[in-house]
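A.B. asks: Each chain, letter by letter, is given below.
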Amino acid sequence: MDPRIIEKLTAEFAPQREACEHPQELVVHLLRAVQRECGWVPDEGVLFAARLLGLTPIQVEEVATFYDKLYRRPVGRRVIHLCDSICCWSRGADELRAHLEARLGIRMGETTPDGVFTLLPTCCLGACGRAPAMQVGFRLVGELTPEKVDRVLEEERARALEEAP
Amino acid sequence: MSHPQVLFARRRPGETVFLEGYLAGGGYRALGAAVGKQEPAALRALVLDSGLRGRGGAGFPTGQKWSFFPVDAPGPKYLVCNCDEMEPGTYKDRELLEADPHLLIEGMALAAYALGVQRGYVFVRYDYDEVFRILERACAEARAQGFLGERILGADFRFELHVHGSAGRYILGEETSLLNGLEGVRPNPRLRPPFPAQRGLFGRPTTVQNVETLCNLPGIVERGAAWFRGLALTPGEAGTKLFGLSGHLNRTACFELPMGIALREVVEVHGGGVRAGRRFKACLPGGASTPYLTAAHLDLSMDFGALERVGSRLGTAGVTVFDDRTCMLAATLNLISFFARESCGWCTPCRDGLPFVCYLLERIERGQAGPEDLEILKAQPAFIHQSFCALAQGAMGPLEGLLTHFEQELHDHIARGGCPFGGA
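The listed protein sequences correspond, in order, to chains A and B.
Under my numbering, the first residue of the first sequence carries the number 1, and numbering increases by one thereafter.
Under my numbering, the first residue of the second sequence carries the number 1001, and numbering increases by one thereafter.
No wet-lab data here; the hints were simulated from the structure.
Misleading hints may appear alongside valid ones.
Unchecked claim - Here are the simulated lysine to aspartate or glutamate pairs, DMTMM-like style, with alpha carbons at most 20 Å apart:
id, chain 1, residue 1, chain 2, residue 2
1, B, K1378, B, E1400
2, A, K69, A, E37
3, B, K1037, B, D1072
4, A, K69, B, D1129
5, B, K1378, B, E1362
6, A, K69, B, E1183
7, A, K148, A, E61
8, A, K148, A, D94
9, A, K69, B, E1130
Predicted, not measured: the structure shown is a model, and the values here were computed from it.
Just chain A, same shape as in the assembly (with noise of 0.2 Å):
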């Protein structure tokens, strides 16, 4: 991790414990400030977060490999989550996986090779009005068909080589 990181996130964060009875409930936040200013949660980021909370780093691991919305391996710069429940199924949802797989040329779970997009699966997204739904980022998609997959792609591709890598 770049030690500026470590700084900020120290400086965010290290006034927080200090007010906080159970420092221990910062996890998660911590973590997801990990991955908002690395992409993802590396090993040193499950480190920094122990030593910055007081806890051991297997404390730290078991809560960071529970959550699927935290990557403990790299991804991309821009993460699809594509909807696969009941709702977005009943709507299309496979056949819409079948289109991402091959307009990114990668199947679920891998990441393209200009280093953009990761695909993943997710349950419910809460967008059951609009499925099929994707997630790129935090960015909610919904009324999902094959163009509008392609017009998402291209304007996320756009913004995420305009962001310093």
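Once you've looked at the hints, dock chain B against the given chain A.
C.D. replies: Coordinates of chain B only, in the frame set by chain A:
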């Protein structure tokens, strides 16, 4: 057909009502009428009398739950709002909070006053980032106006509210798993008893309530228990209910409708009927864990009692409709695959039993199964009901519904050596 709007009274498409709009619409009047003016015990009696039942899926009477809460116990006690809305087919809490976040804050402050609680949490799922930011802003507004914090409305009442952003996984919606998630430990569910009312968050008395449940409190306090019971169309039931419609309907949106409304009105009037002119085959009445209803149930009233009497559950009232071209075996396989993937792995019936059910369903769907596989499938719910928490038991809802209402489809798959609906 229009129905009284209580929870959605201030809702406007694409807008969020913040403090100014909430106050203009009569917001925080209930809190003002209660805090320092009514005894907490009177408030608890009112909620019991109102007949309010939990809107998170289990339908437990809220007032009864509160009667187990040790209100006079010294030391910290907690109120937790469960906004880990992840039951497939359920999106009502998102709709409610994106429209009117202060309704929840007022509801939580009222519950905290009634229960003698000084600290609350709203547990928000990762994917509801918009809801998280709306709540943070609304809490800051409420704090600045003295509706949260020290000496609320000048009375001897203190309540702090904290918004927690989670990081995924359906199991966190199980209340003891959620409490572990809040504490920052691995969120496997806890053994009960002790129940959270005795030993919950940080080992202290805690009550966990759904968003919609808490949002009903301001109305009950302001307008009374009889009014609330009168909102329901069926005797013995109470209030309105948010119905989130999805699946093969023309209009898949979220509506506030009276408790006890006929399923037919939900589907045909509010849902605009089954899309593409097809016929209604079945629905999940309240999320992924509720046994199917069929066309024979269309005149049933959608309330807790009526659905229990036909072997299903109102659940979250997220109604997912399937048309006549749907393979109910394939739908059930999708549902149980969801539960299998979301299993936390803590206990064997869930961790190993659910994938085994998926394996059997896949064999039947692909035409690789014989009649003996169906017998093995039928034996599974008895084992899986031994699971540690309600997740795997919930997964048996659609399987039991499939076996009760659509067993013939399973025989057809086996006899034809494949899916009669052209799937798999």
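A.B. asks: Just pull the numbers of the violated hints for me, sorted ascending.
C.D. replies: Of the numbered hints given earlier, the structure breaks just one, which is hint 7.
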